[in-house]
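Undergrad: Each chain, letter by letter, is given below.
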Amino acid sequence: MNKPVENHLPHLFQKASWGRFALKNRIKYGACCVSNYNEREGRITARELARTEVIAGTGCGIITNQGAYPDPLGEGKAYFRQVALHDDRFLPEFEKIAGYIHDAGGVAIQQILHAGRYGGIDLGYCVQPSVVPQTLPHFRPPRELSREQIHAIVAQHADAARRAVKAGFDGTEITSFMGYLLANFNSKFTNQRSDEYGGSVENRGRFMCELIDAIKQATPGHPLVIRLNGAELMDRVGGNSEDECYELMALAARRGADMISVTVGWQEAPESSIGRDIAPGHWNRLARRAKLMLPDVPIAFGVRLPDPEMADRCIRDGDFDFWEVCRPLLADPELLQKAAEARMAENRRCVGSLNCLSRLFRDLPYTCTMNPALGHEVEPEYAITPAAVKKNVMVIGAGPAGMECAIVARRRGHSVTVYEKGDCIGGNFRSYAGLDLANSDDLMSVVRYYETMAKKLGIELRLGTEVNPKLMRGLLHQFDVAVVAAGARVDRQLLPPCDPGALVDALDAAAGRVQCGHRVVILGAGKIGLTLAESLKSRGHDVTLVEADKRIAGDVQPSFKWRHNAWVEELGIPCLTSTRVTRIAREGVTVLDAKGAERFLAADTVVAAVMRKGNQELFHELEWMIDELHGCGDALVPRGLTQAIHEGYRLGARI
Amino acid sequence: MGAAPSTHEMLADLPAWEAMLERHADTFAALQPGCGLGLVPKDDTERRPGRMLVWTRAEGGGMQAGLRPFTGYKDCGVDILFVAEESGLAAIHRALADRPLGEMKAALRRSELFLFVLKPRDQLIDDGWDDFLETLGLAFLGACR
Ligand SMILES: Cc1cc2nc3c(=O)[nH]c(=O)nc-3n(C[C@H](O)[C@H](O)[C@H](O)COP(=O)(O)O)c2cc1C
Ligand code: SF4
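Chain order of the listed sequences is Z and E. Going by numbering that gives the first Met the number 0, the letters in the first sequence line up with residues 0 to 654, in that order. Going by numbering that gives the first Met the number 0, the letters in the second sequence line up with residues 0 to 144, in that order.
Treat the hints as calculated values from the structure; they're not laboratory data. Beta carbons are placed, not taken as given, at the ideal position from N, Cα and C, and that holds for glycine.
Straight line, CA to CA, 27 Å or less: simulated DSSO-like cross-link-like pairs of lysine-lysine:
| # | chain 1 | residue 1 | chain 2 | residue 2 |
| --- | --- | --- | --- | --- |
| 1 | Z | K215 | Z | K23 |
| 2 | Z | K389 | Z | K454 |
| 3 | E | K41 | E | K104 |
| 4 | E | K104 | Z | K187 |
| 5 | Z | K420 | Z | K469 |
| 6 | Z | K187 | E | K118 |
| 7 | Z | K455 | Z | K337 |
| 8 | E | K73 | Z | K187 |
| 9 | Z | K14 | Z | K337 |
| 10 | Z | K549 | Z | K612 |
| 11 | E | K104 | Z | K594 |
| 12 | Z | K420 | Z | K455 |
| 13 | Z | K390 | Z | K455 |
| 14 | Z | K215 | Z | K95 |
| 15 | Z | K165 | Z | K95 |
| 16 | E | K41 | E | K73 |
| 17 | Z | K337 | Z | K454 |
| 18 | Z | K23 | Z | K95 |
| 19 | Z | K549 | E | K104 |
| 20 | E | K41 | Z | K187 |
| 21 | E | K118 | Z | K549 |
Ranges of calculated distance between the beta carbons of each label pair, as one might list FRET restraints:
| # | chain 1 | residue 1 | chain 2 | residue 2 | range |
| --- | --- | --- | --- | --- | --- |
| 22 | Z | G280 | E | D25 | 44 to 50 Å |
| 23 | Z | R146 | E | A18 | 49 to 55 Å |
| 24 | E | R46 | Z | D548 | 38 to 44 Å |
| 25 | E | E58 | Z | P495 | 38 to 44 Å |
| 26 | Z | S199 | E | S86 | 25 to 31 Å |
| 27 | E | R46 | Z | S199 | 19 to 25 Å |
| 28 | E | S86 | Z | A278 | 27 to 33 Å |
| 29 | Z | R146 | E | S86 | 38 to 44 Å |
Some chain E residues well away from chain Z (every beta-carbon gap over 10 Å; in silico):
| # | residue |
| --- | --- |
| 30 | H7 |
| 31 | G76 |
| 32 | S86 |
| 33 | D97 |
Construct all of the structure, not just a fragment, from the sequences and the given hints.
TA: Structural data, given as structure tokens:
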């Protein structure tokens, strides 16, 4: 029997009231869903509606629908396929979304997002209080808003709010999170005006006050939430200090905001705010400060606070009133159920990969590393449905691709056995995760999840068992399906010939199967070479990276490249780029730089972390031994965690 | 050892900047003629005119260093603008003969150097700035981290 909800996390799951609304718990789904699923002109698609139904079903007491831009020109539009709310023609789909949220017993809030400095995505310019050029090449050159334009934008927000309420939403939200228009007015970095909208905190906050007034007048009786930064992280470059952020918060409260959602950071802030390198709970102090300052105003908070138990304690201690949770619910829409029933070992934790946001900034629909079905809810092919023919499936390799495939296949009713030549599950990913400097525990949670689910679902694990034709001959006709998910290995053919025993495979070094000496030269500065180098260096080794390409981190996801660059610099790891290896010996390696200069790098251990190639031998060897033969993950094409999980899932869903 | 050079002396040290540009010719090899980058000391962003060091791609190829007045962000006539704290400028100037781009990257991270882009990304790529921005680790820096 599942534990009753009330006994576990009592503060989080406590019933609450907010104005005239009775809430089933103290959890707010944060507007974490600018999705790029919609039509280019802003109309909501079936894909979005299907995703939103899942969001409505997460069980949050308050659900915020993604930020819609309020102006017909699209100056406020930040994302390629963002939803629009500047015309009644968009209302039918908003009505459906409000309906989904109400049907699930939630209070429905519609966010209105004018992106300001980050907007004008289709226009070739963006609008701001003052002309302060962009610091990130992704965004558009700025134009200064006239007073008349400011008044028009305020009116557009009020109209959008009226429309949202007409569609059935209970209230609205405006956002300054991550540096959108409201933040641009509030911040001295982007507001350098000399009229009544610029200068003092009061003047800079005038736009915000006008928005609050206009929206509240347009939607009487309907609450307005305002997202405001507790820290912009832009103070070192001329933005607001934390004190100024709190002055603005106090101003919003005096002006009648019905809830303040405390957020952190701008897109272009020189430091992380929501990445895996930020420890869970790191920003909680900002919510606490808001609550102390404004004890009578409901405070919502959740930035980089993925843990429901921590959120429960924060509510108990009065740090904030509502846990505002976003990415953890993308990674696992059943998080709240699992938390309530003390089944967190079954939770798919958000690992902070930022795959979701990286894709938005490439104008692609967002997807989630941990949740392959996200964004595909409308496609029956992604649903886990009972298999028409129950089969005996063997999965070869217990890395993320193999385990994901095994779990999905098992959930569909197949009988599944996983063969793994190592003595534990996780594959190469496990070693890599153990070395991660950002947050090893987040990555290791993936392995723990697979362990839990294998046990729960009754997946048979044959550890320490290498599959080869001999073993297969003994198993003939026992299995209907074999899935090769045997991962990849470093492709030594890409390196010059070397003295016997002079070269160590990065994956062996990462797994601790080989101990590195003091002086280590790592050949290849992709994610494996970098992760190993950073870990070795932080444990006192003397490490040098050699990379044939012009740059390091070529296979690292866009929003994490900078992190490796920064670590390499902070740790003082020399990186020889555009450098080829010409000889590998026991004493070290000889390299040739782009200008043709040769040098010798002395080393106690030389590690190969160059490109990997898939372990594909079994495809040929098993071909005539089994009815169905499939492959997934790095065994097909070596890439990374996201692709491994997604391919494993898709294969498991169709076997 | 002589006294540390003043901000103006550092900016005006054109032979040293040009020698550095020459050594890093590869990084700027794809730049279109006429494209340029400005470097303004922070205090000068508030002066009218301030002083700005510019690196431009010459018509016949190669990079040139020069000085120009800085008259504000709106029309400063460059594609990319660096605003430098005095400490950042001094660190870069000191590293001119060694690893200046590495020092720029470090100064950016210490927030002693700040970058503004004055053209949209696609145009910067078309104009050949890709390598330089990547070298500084800037191409996709930021954007929700
Ligand atoms: C894919 C994605 C889309 C987001 N869209 C919005 C948005 O529309 N409006 C907004 O204010 N914040 C948006 N956010 C920010 C989240 O609401 C949230 O504040 C942030 O992700 C930090 O919380 P978390 O650590 O729980 O994810 C988005 C975040 C993600 C990951
Ligand atoms: S893509 Fe990564 S950061 Fe985004 S929700 Fe999924 S696991 Fe979390």
